[in-house]
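K.L.:
The lines below spell out each chain.
Protein chains: 2
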Amino acid sequence: MISVVILGAGNVASHLYRGFREADNVTVSQWYNRSLDSISEHSNEVDITDDLSNLKVADVYILAVSDDAIAELSEQLPFEDRVVVHTSGGVGVYDLDKKHRRGVLYPLQSFTKGAELDFANVPMCIETIYKDSYPMLKELALSLGGPIQKVNSDQRRVLHLAAVFVNNFTNQLYRIGHEITESEGAEFDILKPLILETAKKIEHLSPFRAQTGPAKRHDKKTIKKHLKILDNNIEHKKIYELLTASIQKTHGRKKL
Amino acid sequence: MISVVILGAGNVASHLYRGFREADNVTVSQWYNRSLDSISEHSNEVDITDDLSNLKVADVYILAVSDDAIAELSEQLPFEDRVVVHTSGGVGVYDLDKKHRRGVLYPLQSFTKGAELDFANVPMCIETIYKDSYPMLKELALSLGGPIQKVNSDQRRVLHLAAVFVNNFTNQLYRIGHEITESEGAEFDILKPLILETAKKIEHLSPFRAQTGPAKRHDKKTIKKHLKILDNNIEHKKIYELLTASIQKTHGRKKL
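Same order as they appear, the protein sequences are chains A and B. Letter by letter, the first sequence follows residues 1 to 256 in the UniProt record's numbering. Letter by letter, the second sequence follows residues 1 to 256 in the UniProt record's numbering.
Some hints could be false.
Intra- or inter-copy, both count: the list cannot distinguish identical chains.
Here are the computed lysine to aspartate or glutamate pairs in the DMTMM-like style, where the Cα-Cα straight-line distance is at most 25 Å [said to hold, decoys possible]: (1) K238 <-> E139; (2) K99 <-> D132; (3) K220 <-> E235; (4) K221 <-> E72; (5) K249 <-> E184; (6) K249 <-> E182; (7) K138 <-> E182; (8) K225 <-> D68; (9) K99 <-> D68; (10) K225 <-> D95; (11) K56 <-> E116; (12) K98 <-> E80; (13) K224 <-> E72; (14) K200 <-> D189; (15) K192 <-> E203; (16) K56 <-> D67; (17) K238 <-> D219; (18) K200 <-> D231; (19) K224 <-> E179; (20) K221 <-> D231; (21) K192 <-> E182; (22) K200 <-> E187; (23) K225 <-> E235; (24) K138 <-> D51; (25) K192 <-> D154; (26) K224 <-> D154; (27) K228 <-> E241.
These are calculated hints, taken from the structure and not from any lab test. Remember, predicted model here, so these are calculated numbers, not experimental data.
Given these sequences and hints, build the entire structure.
P.N.:
Right under this line is the structure:
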């Protein structure tokens, strides 16, 4: 049985709390937050505290706090030589205070407050400085039921960056699609099956092979028509031009 | 029973052929292509021809050919005053020869050769010039089992443009994610659950409300780190900057 103390009360902390509560071989011994308000509703299930000097001894301390708070909180922990991990994609493992056996448990998924999340769909990226903390972190990550991946700092950094492209930027393209359709009173909803199909297609096909459309075909007539529609929105037009050029760079010149 | 003649042998033509063959109230009377090679394997199921002067009388003629071929093929059809539709998102309904009762049946989905496609997930956009052709085209579209939508030319135009954003451009973001992860030997595959979640999220949440991440949070530290990683790829960096600016324009200044 792995004992865990969770620190923080945001989306990741709350989802991890629930995930570990449901895991067979993990026990959440304590939940810390600097304010008890956000976690007090769980006080009948778990020991809660807002006092770092009251922290229990545990196998792992999970700092699921905002990026900016990680370094300072890790410093304030009143013990050393224990396994302390943060959950951020964008913060270095060395940002944790060096008195700890440091590591990272980075859930590569988009967490929405209140929304149900199946951990089977949450890949856990594990990074450790000392090899001997890996087996336990691996067991901990596996207990959530999703895929796990051992990564180094560079890999975690690029995964975090790539996640911004495939999640935040993709979502912004959906938003632009929404704006474009609404400009003529068309229904954005009828694009949803296409959106889902686009995401599903790459389960079995590389994005390279899955590509279609006017940019890849070098269909100048259609591209010209589209740019004309976008004449009234210079930002959308720039994004159209840049992504069209990017597709054409990836796929090369038109075959004659 | 609606009788249909399909013209063309590309992805859309092939999928429509299969879709209509399975529909209860539709019969495919004939399949035309300028070369019989691509459709000859179906000669025991349907009458096939490569001769326009042999075309049978039918309720609807569906020109599922490349955009550039639509106008000319519609001109060459040796009859008039029959319902003739094309299936393109990007071509005007008036590009069809005016001797016909013109319309468009635009399937708003990405068709991949050989891949199975469930028409339940293919919204059919219907456009007609004459009101009296609408009821039959509606019945025809409904027979495929997916959602249908009556659109005008402007709406079809923006839907086609929006489809490029949410399909081709999104797929290119996946491709960039692939390149970025591979640059450090990380696995692109562990981004796939996030990709699927991003697409599924907007089933019930607008893209506006679904947005998260460093751009929306105005998290300058993370953005700076990401741009530094992208220093070796000026195109990707430009796309990062442009989409970050787009998100920030959509979501406004950071709340203090």
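K.L.:
Starting from the hint list further up, note which numbers the structure goes against and sort them upward.
P.N.:
1, 11, 18, 24
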